[in-house]
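Trainee: Sequence:
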Amino acid sequence: MLDSKGFDLWADGYDRSVGLSEEDGTYPFAGYKEVLGEIYQRVLRESGKKILDIGFGTGTLTVKLYEKGCEIYGQDFSEKMIAHAKEKMPKAHLYHGDFSKGLAGELEKERYDAILATYSLHHLTDAKKVEFLKKLQGLLKQGGYIYIGDVAFETREELEQCKKQTGESWDEDEIYFVYGELKKSFPTMEFQQCSHCAGVLSLGKEDGAPEELAVSQVSSQYQVRRLEESDISEIIKVCSGNKIYYEYCPPFVSEEGVRQDMEALPPGKTKEDKYFLGYFSEGKLIALLDLIARYPDQNTAYVGFFMVDREQQHQGVGTQMIEELCRYLKKRGFQKVELAWVTGNRQAENFWKKNRFISLSERDSSVGVKVMAARRNL
Numbered sequence: 015m016l017d018s019k020g021f022d023l024w025a026d027g028y029d030r031s032v033g034l035s036e037e038d039g040t041y042p043f044a045g046y047k048e049v050l051g052e053i054y055q056r057v058l059r060e061s062g063k064k065i066l067d068i069g070f071g072t073g074t075l076t077v078k079l080y081e082k083g084c085e086i087y088g089q090d091f092s093e094k095m096i097a098h099a100k101e102k103m104p105k106a107h108l109y110h111g112d113f114s115k116g117l118a119g120e121l122e123k124e125r126y127d128a129i130l131a132t133y134s135l136h137h138l139t140d141a142k143k144v145e146f147l148k149k150l151q152g153l154l155k156q157g158g159y160i161y162i163g164d165v166a167f168e169t170r171e172e173l174e175q176c177k178k179q180t181g182e183s184w185d186e187d188e189i190y191f192v193y194g195e196l197k198k199s200f201p202t203m204e205f206q207q208c209s210h211c212a213g214v215l216s217l218g219k220e221d222g223a224p225e226e227l228a229v230s231q232v233s234s235q236y237q238v239r240r241l242e243e244s245d246i247s248e249i250i251k252v253c254s255g256n257k258i259y260y261e262y263c264p265p266f267v268s269e270e271g272v273r274q275d276m277e278a279l280p281p282g283k284t285k286e287d288k289y290f291l292g293y294f295s296e297g298k299l300i301a302l303l304d305l306i307a308r309y310p311d312q313n314t315a316y317v318g319f320f321m322v323d324r325e326q327q328h329q330g331v332g333t334q335m336i337e338e339l340c341r342y343l344k345k346r347g348f349q350k351v352e353l354a355w356v357t358g359n360r361q362a363e364n365f366w367k368k369n370r371f372i373s374l375s376e377r378d379s380s381v382g383v384k385v386m387a388a389r390r391n392l
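First residue of the sequence shown? That's 15 in this note's numbering, and the numbers climb one at a time after it.
Below, in silico cross-link-like pairs of lysine-lysine (DSSO-like), each with a Cα-Cα straight-line distance of 30 Å or less: (1) K178 - K143; (2) K149 - K94; (3) K149 - K344; (4) K283 - K350; (5) K105 - K94.
Calculated from the structure, these hints are not laboratory results.
Here the structure is a predicted model, which means the values were calculated and not measured.
Taking the hints into account, I'd like the entire structure generated from these sequences.
Mentor: Rendered as structure tokens:
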């Protein structure tokens, strides 16, 4: 698999190398023109023209759509390929980044009529493909479609047959699409074969499918992003300063405990519903939020954990964050926010009541302490 420098080296000869393989009718680019042509026609048949292209390379397809008046957004791994594409599409909104680590924040703010990925997603594992496609579904407008043009097969048997025929030229680092297997995760996905080794997969926005929350929009005052394993030491620093919380909800913060919190899910929810977020000011982590979307029902967001760095407390920072969060969730169609504080923790009780949360009922928690459930209507 090529790294970003490898893609930069490929950029100068990319269009030419594709053409040679396509003309020969050989793997991996046999049917390349048919694949791009099919996607081009499908996009132009639709009324909307706001397009996101993921891994657009030198812009072979998107340039044609750009020339037809489409508004183009895109992200690519190679700065050199972006430079090529910008020469052809000066008004396009193009961002540099490895999409396997996430989309640029500006791209997550938009909603698209079509999302394209041509010969780019085969760098993801099958599990990551499913996860990423679900995320992309949340970025579609109603009626929008994801179009994937790539090395793809109807069955695993067809893939293995092509691999055998290709021999040593087969790229073992790339993980190609098998429609029959992907359809288990996306029952409405469709597939059109364009050559013995390529095709177009199409996937719409499911009726009633919940949209992915754009975490970069949660706050206008602070930078917000999902927290990762590399953030654990900073998470522990924030938690360690809040000793009162752990007096009521032991044990005290630990690396193992943070890892468990980052993975914990209520019954019936998946990791796509969980937003373990960090608020940053000038690069420093100053607050933590664990949010479960659409729990316990589709109209509710559940706050499992919220903590502000000790140095930021008593300045209105936490209240500002919660107010911004509630405004954002309301815009996204949520009607309620629910949470619970440990019975007897007056600091937590006073904070949430000040932020217009109303006590509902006391109940036992999964960690062996009594908690007061509360709700704020949006």
